[in-house]
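A.B. asks: Each chain, written out:
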Amino acid sequence: MTRKINWIGLAAGIITLIALAISLYMPWWQLTVGQSLIKINASPVNTNFGLFGTQFTIPLIWALNLVTILTFSASGIIMLIYSLVPTKPYAKHLLGFSYKKPLYSVVSFVVVLAIILLIAGHFGVYLPLNGSATVTLPGSWTMGATVSALVSGTFQLPFYLAVVATALCITARLYHSHVSSALSESESTTTPPVTAATSV
Amino acid sequence: MDKVKVALTVLSIMIIIVPLVAEVYAYKDNLLGLVLPPQMKNLMNGGGNSGTSAGPQSSASPSLPNFQIPQPAGQPKYNPTTGAFTYPFNFTNPLSTEISFDHLSAQVVTEDGTSLGNISMPQTISIPPGANSVINASGNLNPDAVNQLAAQNTGGNLNIALNNVNVDVGGVLVHIDHIDAGSISNLQSLTGSPGGT
Numbered sequence: 001m002t003r004k005i006n007w008i009g010l011a012a013g014i015i016t017l018i019a020l021a022i023s024l025y026m027p028w029w030q031l032t033v034g035q036s037l038i039k040i041n042a043s044p045v046n047t048n049f050g051l052f053g054t055q056f057t058i059p060l061i062w063a064l065n066l067v068t069i070l071t072f073s074a075s076g077i078i079m080l081i082y083s084l085v086p087t088k089p090y091a092k093h094l095l096g097f098s099y100k101k102p103l104y105s106v107v108s109f110v111v112v113l114a115i116i117l118l119i120a121g122h123f124g125v126y127l128p129l130n131g132s133a134t135v136t137l138p139g140s141w142t143m144g145a146t147v148s149a150l151v152s153g154t155f156q157l158p159f160y161l162a163v164v165a166t167a168l169c170i171t172a173r174l175y176h177s178h179v180s181s182a183l184s185e186s187e188s189t190t191t192p193p194v195t196a197a198t199s200v
Numbered sequence: 001m002d003k004v005k006v007a008l009t010v011l012s013i014m015i016i017i018v019p020l021v022a023e024v025y026a027y028k029d030n031l032l033g034l035v036l037p038p039q040m041k042n043l044m045n046g047g048g049n050s051g052t053s054a055g056p057q058s059s060a061s062p063s064l065p066n067f068q069i070p071q072p073a074g075q076p077k078y079n080p081t082t083g084a085f086t087y088p089f090n091f092t093n094p095l096s097t098e099i100s101f102d103h104l105s106a107q108v109v110t111e112d113g114t115s116l117g118n119i120s121m122p123q124t125i126s127i128p129p130g131a132n133s134v135i136n137a138s139g140n141l142n143p144d145a146v147n148q149l150a151a152q153n154t155g156g157n158l159n160i161a162l163n164n165v166n167v168d169v170g171g172v173l174v175h176i177d178h179i180d181a182g183s184i185s186n187l188q189s190l191t192g193s194p195g196g197t
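Quick note, the sequences are listed as chains A and B, same order.
Following our numbering, the numbering of the first sequence begins with 1 at its first residue and continues without gaps.
Following our numbering, the numbering of the second sequence begins with 1 at its first residue and continues without gaps.
The shape of chain A in the complex, shown without the other chains:
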């Protein structure tokens, strides 16, 4: 009897853990103002700010980052466990726990980022989501001087890896039905028909 493995789930688990490991060192999205006078490294895993050469994080954001690190870790590990035992009765619970987490992280990150940029735009500072733009500060902030700077916003490798992990997790969920139904079919074809016992 061959062991059933959800190969897509296995790939999803591995990519999720790789995305997490890389995200610890690289941001998902980076905003740079001028020659790194202001640098914002944003990620659900590691968000920090560099203002005029000083690096710092906000403790509450740090705690939320820790939540995401644990969530991603659990999601990746449980997805790996599920992938190896997709036909067990509890497999669906493992899958249900693990496949949604990267999706939630990616979607909530993009939504929060968009909201922050919209709020900045409301105050007259239009920051680029992906690309470069010359941003001019409102005159009321600069006491008559016109202050402008080249601002670059870029999504980085870990973000794209997280998107791939999310896509693979969703695909693994869809593929689970295929694995389950294939198992049911094979069980029904290999199970000998029940016949009435005959006695001589």
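To be clear, the hints were calculated from the coordinates, so they are not data collected in a lab.
In this text, all values refer to a predicted model and were calculated from it rather than measured experimentally.
Mixed in with the good hints there might be a few duds.
Unchecked claim - Footprint (simulated), chain A over chain B, 3 or more residues, beta carbon under 8 Å:
no.	region
1	11-17
2	93-99
3	168-176
To be verified - Facing chain A, from chain B, some residues (calculated, C-beta under 10 Å):
no.	residue
4	A7
5	L8
6	K28
7	D29
8	V35
9	P37
10	L43
11	V109
12	I125
13	V134
14	A161
15	N163
16	D180
Virtual Cβ for every residue (Gly too), placed ideally from N, Cα, C.
Following the hints, put chain B in place on chain A, whose structure we already have.
C.D. replies: Same frame as chain A, but now just chain B:
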């Protein structure tokens, strides 16, 4: 089967609750510090020394700087023989990294707006972290305009200003329409002898 479901639910809750509760507990005496680290407080207060701090918010550099655009430093210098004009600016790099001062240009005008010439910075200057540097913007004034003003102006001093000042420092472009730039002293004597200020 139900045990797995319950365990996963508990795990989900613990993953969210434990770090947040732990962080709030760590800051129970200073809840504002959860969203406002010392470095940000200093920035909002206009810079200064924040001191070092432990924990996740600790900084690579202990202080946030006062970041100021270049300020005029001293009086302009004019050489009537060559027409060379120099104007010093003072700039302190408040960063913990080197910063480049890439561009400075301005139009030199009299009080009534008569153009005397343009000045600019001859080359890019790199300023080490924390260092103060005097940046000399230089150019040539129109000798005819200066002589004419000297003939008209018997008071001796010529008040000048800088119009359309453009500065590029650290990738940030600053444009200032007008700066009062002091005076060229003893103008009468300058028309005939070099080396005045």
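A.B. asks: So, for every hint listed, does it hold in this structure?
C.D. replies: Hints versus structure:
1. 11-17: Since three or more residues must qualify, the claim that chain A covers the region 11-17 of chain B holds, with 4 doing so at under 8 Å.
2. 93-99: n = 5 at 8 Å, threshold three: holds.
3. 168-176: With 7 residues close enough to chain A, the hint holds.
4. A7: It holds, given that the least Cβ distance between A7/B and chain A is near 9 Å, below 10 Å.
5. L8: This interface hint holds because 4 Å falls under the 10 Å limit.
6. K28: This interface hint is violated because 12 Å lies over the 10 Å limit.
7. D29: Because about 13 Å separates D29/B from the closest Cβ in chain A, which is outside the 10 Å limit, the hint is violated.
8. V35: holds (5 Å)
9. P37: holds (5 Å)
10. L43: Status holds, d = 6 Å.
11. V109: Violated: closest Cβ of chain A sits about 18 Å from V109/B, beyond 10 Å.
12. I125: violated (13 Å)
13. V134: violated (21 Å)
14. A161: violated (14 Å)
15. N163: Hint on N163/B: violated, closest Cβ of chain A at ~13 Å, above 10 Å.
16. D180: Violated, about 13 Å.
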